[in-house]
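Asks: Sequence:
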Amino acid sequence: MKIALLGYGKMGKTIEKIALSEGHEIVLKIGSKNLHELSAENLRKADVAIEFSTPQTVVTNLMLCFEAGTPVVVGTTAWNEYKVMVEETCMRSGGAMIAASNFSVGVNIFFEVNKYLASLMNHRHTYRASMSEIHHTAKLDAPSGTAITLAEDLINIHHRYKSWENHVFTSAEVLSINSIREPDVPGTHVIKYVSFEDEIEIKHTAINRDGFAKGAIMAAAWIHNKKGIFSMKDVLGFRY
Numbered sequence: 041m042k043i044a045l046l047g048y049g050k051m052g053k054t055i056e057k058i059a060l061s062e063g064h065e066i067v068l069k070i071g072s073k074n075l076h077e078l079s080a081e082n083l084r085k086a087d088v089a090i091e092f093s094t095p096q097t098v099v100t101n102l103m104l105c106f107e108a109g110t111p112v113v114v115g116t117t118a119w120n121e122y123k124v125m126v127e128e129t130c131m132r133s134g135g136a137m138i139a140a141s142n143f144s145v146g147v148n149i150f151f152e153v154n155k156y157l158a159s160l161m162n163h164r165h166t167y168r169a170s171m172s173e174i175h176h177t178a179k180l181d182a183p184s185g186t187a188i189t190l191a192e193d194l195i196n197i198h199h200r201y202k203s204w205e206n207h208v209f210t211s212a213e214v215l216s217i218n219s220i221r222e223p224d225v226p227g228t229h230v231i232k233y234v235s236f237e238d239e240i241e242i243k244h245t246a247i248n249r250d251g252f253a254k255g256a257i258m259a260a261a262w263i264h265n266k267k268g269i270f271s272m273k274d275v276l277g278f279r280y
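Quick note on numbering: our numbering labels position 130 of the sequence shown as 170, and the sequence is numbered without any gaps.
Fair warning: there could be bad hints in the mix.
Said to hold, decoys possible - Below, simulated DMTMM-like cross-link-like pairs (lysine to aspartate or glutamate); rule was C-alpha separation at most 25 Å, straight line:
| no. | residue 1 | residue 2 |
| --- | --- | --- |
| 1 | 243 | 205 |
| 2 | 42 | 107 |
| 3 | 69 | 181 |
| 4 | 179 | 192 |
| 5 | 273 | 77 |
| 6 | 155 | 192 |
| 7 | 243 | 193 |
| 8 | 73 | 87 |
Unchecked claim - Label-pair restraints from in silico Cβ distances:
| no. | residue 1 | residue 2 | range |
| --- | --- | --- | --- |
| 9 | 234 | 177 | 44 to 52 Å |
| 10 | 164 | 268 | 35 to 43 Å |
| 11 | 164 | 74 | 21 to 29 Å |
| 12 | 166 | 42 | 22 to 30 Å |
| 13 | 268 | 240 | 36 to 44 Å |
| 14 | 241 | 74 | 38 to 46 Å |
| 15 | 212 | 264 | 17 to 25 Å |
| 16 | 109 | 76 | 16 to 24 Å |
| 17 | 202 | 118 | 21 to 29 Å |
| 18 | 42 | 268 | 15 to 23 Å |
| 19 | 240 | 63 | 39 to 47 Å |
| 20 | 132 | 250 | 32 to 40 Å |
| 21 | 239 | 69 | 41 to 49 Å |
These are calculated hints, taken from the structure and not from any lab test. Where is the CB? At the ideal position from N, CA and C, for every residue including glycine.
Whenever a hint applies, use it, and build me the whole structure from the sequences.
Replies: Below, the structure is given as structure tokens:
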């Protein structure tokens, strides 16, 4: 598989290392120093693009992928305000896209565990839910995209919570997310339910970035030669 890497930071370099070890070819690498090389013409040299850039560049990168007809796997977060426009453009152009807040197989299993636990706790009114997430100090967004996905999934199922906020408790109807930044932490997410009698906690800890990269490459192989908008549920076969 010929891969274009859009974003060549820590994640891009990890994806490159694992992709090459699996026998794939990197035909285009776009970082901050060679943005002039990003064009529809160059993207057409790839079977698929993997996008881990910045919230400021992701939408432009996606538009070029759609123009080139190159399927794209999107790991950049914090661009939800453009989601509808991007998806409409993807469908109108006959493109293909998988966007996820996290491509790790383990995290996507954790997403499903979170939803199941929320359904069990929905009417357990003596328990108060909260979340925390820990990432490296260079992470650009807070809370993380993964934390937002977890929070929105919980809110959609647990009727007590109407919204989330990125600070300590303010209201019984608000899910609190505590964002912590520490050196060299790939990502830790914790969901806790606390009553006066006990605590229930689920936790996912990333040991390194390899899980994120392997999931992105898996998604890239899956979407190759497809058209439409998909999710990691499609890639992993999570359909109930």
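Asks: Compare the structure with each hint and give your call.
Replies: The hints, checked one at a time:
no.	hint	in the structure
1	243 <-> 205	holds (20 Å)
2	42 <-> 107	holds (18 Å)
3	69 <-> 181	holds (23 Å)
4	179 <-> 192	holds (21 Å)
5	273 <-> 77	violated (33 Å)
6	155 <-> 192	holds (10 Å)
7	243 <-> 193	holds (16 Å)
8	73 <-> 87	holds (23 Å)
9	234 <-> 177: 44 to 52 Å	violated (28 Å)
10	164 <-> 268: 35 to 43 Å	holds (39 Å)
11	164 <-> 74: 21 to 29 Å	violated (54 Å)
12	166 <-> 42: 22 to 30 Å	violated (55 Å)
13	268 <-> 240: 36 to 44 Å	holds (38 Å)
14	241 <-> 74: 38 to 46 Å	holds (45 Å)
15	212 <-> 264: 17 to 25 Å	violated (47 Å)
16	109 <-> 76: 16 to 24 Å	holds (21 Å)
17	202 <-> 118: 21 to 29 Å	holds (22 Å)
18	42 <-> 268: 15 to 23 Å	holds (21 Å)
19	240 <-> 63: 39 to 47 Å	holds (43 Å)
20	132 <-> 250: 32 to 40 Å	holds (36 Å)
21	239 <-> 69: 41 to 49 Å	holds (46 Å)
The structure is inconsistent with the numbered hints 5, 9, 11, 12, 15, although it conforms to all the rest.
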